[in-house]
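Chains as they are written, first to last, in the working numbering: chain A, 1 to 166; chain B, 1 to 125; chain C, 1 to 153.
It is possible that part of the hints are untrue.
Stated by the list, open to error - Capping the alpha-carbon separation at 30 Å, the derived lysine-lysine pairs in DSSO-like fashion look like this:
#	chain 1	residue 1	chain 2	residue 2
1	A	Lys87	A	Lys157
2	B	Lys55	A	Lys86
3	C	Lys143	A	Lys130
4	A	Lys86	C	Lys129
5	A	Lys87	C	Lys129
6	C	Lys46	C	Lys16
7	C	Lys16	C	Lys87
8	C	Lys149	A	Lys86
As the list claims (entries may be wrong) - Covered stretches of chain B, as calculated for chain A (at least 3 residues, CB under 8 Å):
#	region
9	58–65
10	71–77
Derived from the structure by calculation, the hints contain no laboratory data. Source: prediction; values computed, not measured. All C-beta atoms, glycine included, are put in the ideal place defined by N, C-alpha and C.
One-letter residues, chain by chain:
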Amino acid sequence: MGIVLERLPWVCGALPGGSGVLACADGFINWARKRSVWPMTFGLACCAIEMMASYASRFDFDRFGVFPRPSPRQADLIIIAGTVCKKMADPILQVYHQMPEPRFVLAFGSCANCGGPFHDSYAVVKGVDKLLPVDVYVAGCPPRPEALLHGVLELQKKIDAMRLAG
Amino acid sequence: MTTGALAVYVFALCAVAFAAVAMIAGWLLRPRVEDSLKRTTYECGITPTGTSRVKLNIRFYVFALLFVLFDVEVFFVYPWAVTARDAGPAALLEMMIFLGVLFAGLVYAWGKGALQWDQDYGHRP
Amino acid sequence: MTDDEVLAKLAATFPKADKAETQIKGILTLRAASGDDLVALARWLKDKLGFDYLDMITAVDHVAERKAFELVYCFTQLPAGQRVALKLETPDPGSVPSLTAVFPSADWQEREVFDLFGVRFQGHPDLRKILTPDFLEGHPLRKDYVHAKDRFD
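Extracted from the complex, chain A is given alone in its bound form (with noise of 0.2 Å):
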């Protein structure tokens, strides 16, 4: 975190009743996190239509905060929908790492969790976790949106159990 957040926790510590503001802080920042996702979306195969229709108006992500953002620049979240094939891992990683922190990871579907159907394939990386760190698995093939849905919520606890004091 930045150089006012890094000291936080020391700066707390000295003083009386430190750790009381450091868990508003803590609180406050998470709050800010998770009710603002905002996924990259990386739709790669069939996934890609569940993922679109739950930004859409019957499942509507909006209302959690989540919306799609193109780039990576603007993202938190990336939410790799689909197959990832042998040529498009290159592609993943360098998008992943383009992505400023606090960064997550969601594997949408089977293909993403494990290489799915095509997990004996010559040409299909058995899950994306071989190549990223997932914070989210989300089961299906394909997971129904409400399901997405669900995953994103998962995360939001996550973010929720973070901590400046590490």
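Based on the hints, put chains B and C in the right spot on chain A.
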């Protein structure tokens, strides 16, 4: 220093401070993680190829040029507007001549097609 | 134009070509006698009969049985929606004349067949891999393909 001038300086200072505080606060608060690939140019995950020079349509330049012209014209009208009542009919006539000349320029630009946004690409059978 | 009409015209112009033994379901399937016949046949289908849309080019691996690949070409006549398929046996290893002079869209189709089966096309402007990653060696859709473990396995 009159109160009028002081107000302008304070306003300018606030404008600069608004931007500066936002950027400095961001610099102090945001996470700092060094990643060798993070500063690479984004081109959908691949190494960027080709030049980044883009050919833009000339219409943007023409519209901007005309805008600046008439914006400066309005800038000159403002001081006249606050003193017009005291200055009398001669000042009114002078301003009308000024506006008339610039209006003639606008009509000329219009007639020459400078205000045309879309081009006629011709009918395809 | 019915299938019989096509066959009749074919018999008149290309006596060595005939109806293939196994028909693709719902599509009249012809068999070209040789590679040279193939290009002439494709040109005739396009110019004279109006089958000017190349749907796809693919191959079937018969290397184990008779050391040959069976190339399959599909053409469509867009206004009527009529389709015709063309099969050509080519020995493995061997090469086949490219159809890029007749159908420019054959370019990438033939690259795909080369990438996945290893069939070479003579006269192709740029015959190289198109689908598989660069580090993958071999031709994956061949029945004798053995997958070498790469950094993702």
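Report task. Could you grab the alpha-carbon distance between A:Lys87 and C:Lys129 and see if it respects the 30 Å cut-off? Result -> holds (12 Å)
Query - Distance restraint between A:Lys87 and A:Lys157, which requires alpha-carbon spacing of 30 Å or less - result: Violated, at about 33 Å.
Query raised in the report: When you check the alpha-carbon spacing of A:Lys86 and C:Lys129, does it fall within 30 Å?
Result: holds (15 Å)
Query raised in the report: Holds or violated: are the alpha carbons of C:Lys46 and C:Lys16 at most 30 Å from each other?
Result: Satisfied, since the Cα-Cα distance of roughly 19 Å is no more than 30 Å.
Query raised in the report: Does C:Lys16 pair with C:Lys87 here, judged by a C-alpha cut-off of 30 Å?
Result: holds (13 Å)
Query - 8 Å C-beta test of the region 71–77 of chain B against chain A, three or more residues - result: The restraint on the region 71–77 of chain B is violated, since only 0 of its residues have a Cβ under 8 Å from chain A and three are required.
Report task. Decide if the proposed pair is consistent with the structure: C:Lys149 and A:Lys86, CA atoms, cutoff 30 Å inclusive. Result -> holds (12 Å)
Query raised in the report: Are the Cα atoms of C:Lys143 and A:Lys130 separated by 30 Å or less?
Result: holds (28 Å)
Query raised in the report: Okay, the region 58–65 of chain B and chain A, do three or more residues pass the C-beta test at under 8 Å?
Result: n = 0 at 8 Å, threshold three: violated.
Query - Given hint A:Lys86 paired with B:Lys55 - CA-CA distance at most 30 Å - result: violated (35 Å)
Hints 1, 2, 9 and 10, counting from the list given before, are not met by this structure.
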